[in-house]
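Visitor: Spelled out from the first residue to the last, the chains are:
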Amino acid sequence: MALLEVNELAVTFNTPKGPVYAVSDVSFAVDKGQALGIVGESGSGKSVTVKSLMGLLPRTAKIDGSAQYEDVDVFNMSKERRKHFYGVDIAMVFQNPMTSLNPVKRIGEQLMEGMRFHRGLSRDAAKSRAIELLDLVRIPDPTKRLSQYPHELSGGMRQRVVIAMALANDPALLIADEPTTALDVTVQRDILDLLDSLRRELDMALILITHDLGVVRDRTDSIAVMYGGRVMETATTEEVFADTEHPYTQALQRAIPDMSMPRGTRLDPIPGSPPDLAITPVSCPFAPRCTFATDECRTSIPPLSAVPGSETHRYACFHPQGLVAAASTVGGEA
Amino acid sequence: MANAQTTSPLLDEAPAPNPPSIAKQLGLGFWLSIGFLLTIVFLAVFAPILPLEDPNKVAVGSKLEGPRAGLWFGADSTGRDVFSLTIWGARISLLVGFLAILIGFLVGGTLGILSGYFRGWFDKIVSFAFVTLLSFPALILAILITTLLGRTVFWISFSLGILAIAPVGRLARAQTLVFAERDFVTAARILGAKDSRIIVKELLPNVVIPMSALALLGMGIAIVAEGTLAFLGISVNGGLSWGKQILEAGSSVRNLQDGPHAALFPIGVVFLTVLCLNYAGDRIREVFDAKELAL
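Residue numbers (this note's numbering), protein chains in the order written: chain A, 140 to 473; chain B, -6 to 288.
Calculated directly from the structure, the hints in this document are not laboratory data. Cβ atoms here follow ideal geometry from the backbone N, Cα and C, with glycine treated the same way. Be a bit skeptical, because a hint or two may be false.
Stated by the list, open to error - Incomplete in silico selection of chain A near chain B, CB under 8 Å:
(1) PHE233
(2) ASN235
(3) PRO242
(4) VAL243
(5) GLY247
(6) PHE256
(7) VAL324
Stated by the list, open to error - What follows is a set of in silico ranges between Cβ atoms, one per label pair, in the way DEER data are often shown:
(8) B:VAL193 <-> A:PHE214: 28 to 36 Å
(9) B:GLY113 <-> A:GLU209: 54 to 62 Å
(10) B:ALA16 <-> A:ARG328: 35 to 43 Å
(11) B:GLY113 <-> A:PRO408: 21 to 29 Å
So that you can see chain A by itself, here it is in the shape it has in the complex:
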């Protein structure tokens, strides 16, 4: 059974200029100990999806659909359950380590707060746990770090501390919202690899949010590609790369740089810009930028359909690329 199952999630913001459909009809599931990558560009709804799960949306947001975490209905849980849900069952790593630590509090103090609150640990117990956590995220000389302030650490080091804070109460699910976007390129890989190995060590599920399809390729079990607040394609990581159905996923793939490309190769940018979510959706959100778009795409929303022969692979497109190619080969042989 899935650890977290999100079904037909829709988030609408009522603004003075009318409703904004930030997320519509989003479904995905994460199994225990598995990693899910949510991929999409800015404004694709990936952060809003996560915020709705973490209870961080403003009251003005209207949430429809359901999210089931084990036996907990995430959007309708009791106050008591909620008190020890976030940070214990689901924890989160933020995008920017420069702002996710309090600049005037020592690392140790910040690490120990959560566990003392949720587990009622004594100061000494919390301290030894804090040292253990810093060691876990491979920070050298952890005892010394406890008494340091955030500005005394580098960006990568700070993100490790943020990860350690998230792990403090052994969450079963860790959500990392673009955990490396604010870091130097050389450190990004370290942090991603750290998250990956921690997930294996601690048998923890991971939702990795990113705009870089390349980031999730080797580090996730499944992928959901989002665009314009909708899921475009979802499948196991293998399927996404072996048999890409959605033109948007294809376009994203062409935008991944590869060291083996010959010199002077140009990456294919996707022309146009993301859709305006304030307009009531009546068409495939990607249609205006899609080379395969037909009138059908512009007048109706493609439903999520399954790829024949796969239980996991779904796509929202009238012109599934993999299937079209397969059909034409079959047709050619006949």
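Put chain B on the given structure of chain A with help from the hints.
Guide: Here is chain B on its own, set in the frame of chain A:
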């Protein structure tokens, strides 16, 4: 898997050289200023038990006698000891400066942090109140309050404190806005922290630093403002203050020509006190702003 990368002693993190301590970064000038201020405060607090001339005793020296050993600041037109007058004057001037800023901080700081944190209609009302206060002519307000409520130390401090509310409150609000948006606040909220805890434990320590710099600057302003009120003849009834002392010494052109020291010494002390307050406040701001930048 790809653990070799992560377990190796982190390539990106060269051990940070120990930065100079905060005390060192603040510099000699800061500590000299603090030293001077502490001396003045010490003298003012312990004036009654220090071996000083009674500041009200006349003919301690001859009329407008110049400085000499035992009468370091000389004597004023009635022969009173100027040094003793200055020390006793510091009691009220410093108290007024401190009380005014305290009032400004308690009221302005609280309102500013709350409005910056909760936003919404509360913020709108508070911000409007701040703007209204700022647009009110300061001197008129001070004269109004002291005339209506009395010229005691408390009401004079109160009138200056009211004037401090808006600038302090606006700074507190702006700082709160900056930090309330940060992820560590969101993280605290995710962990189940209540608003009160977030404000006190997460936001307040961040907001207090720039505010403490403003407090020192504000005290200087309040001391000078008290002097201005005294010069207009509406300072503390009865007691001594720097403003009153300077007014008395400078009220007669004749006296000023014959013995300028009677006015110049208290003016010098006010000048040094305000300079030290400003310098110390500036240093605090610079040092801690740089910390913020390094983040």
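Visitor: Could you tell me which of the numbered hints above are not met by this structure, giving the numbers in increasing order?
Guide: Numbers 5, 7, 9, 11 - these are the hints that the structure violates, sorted from lowest upward.
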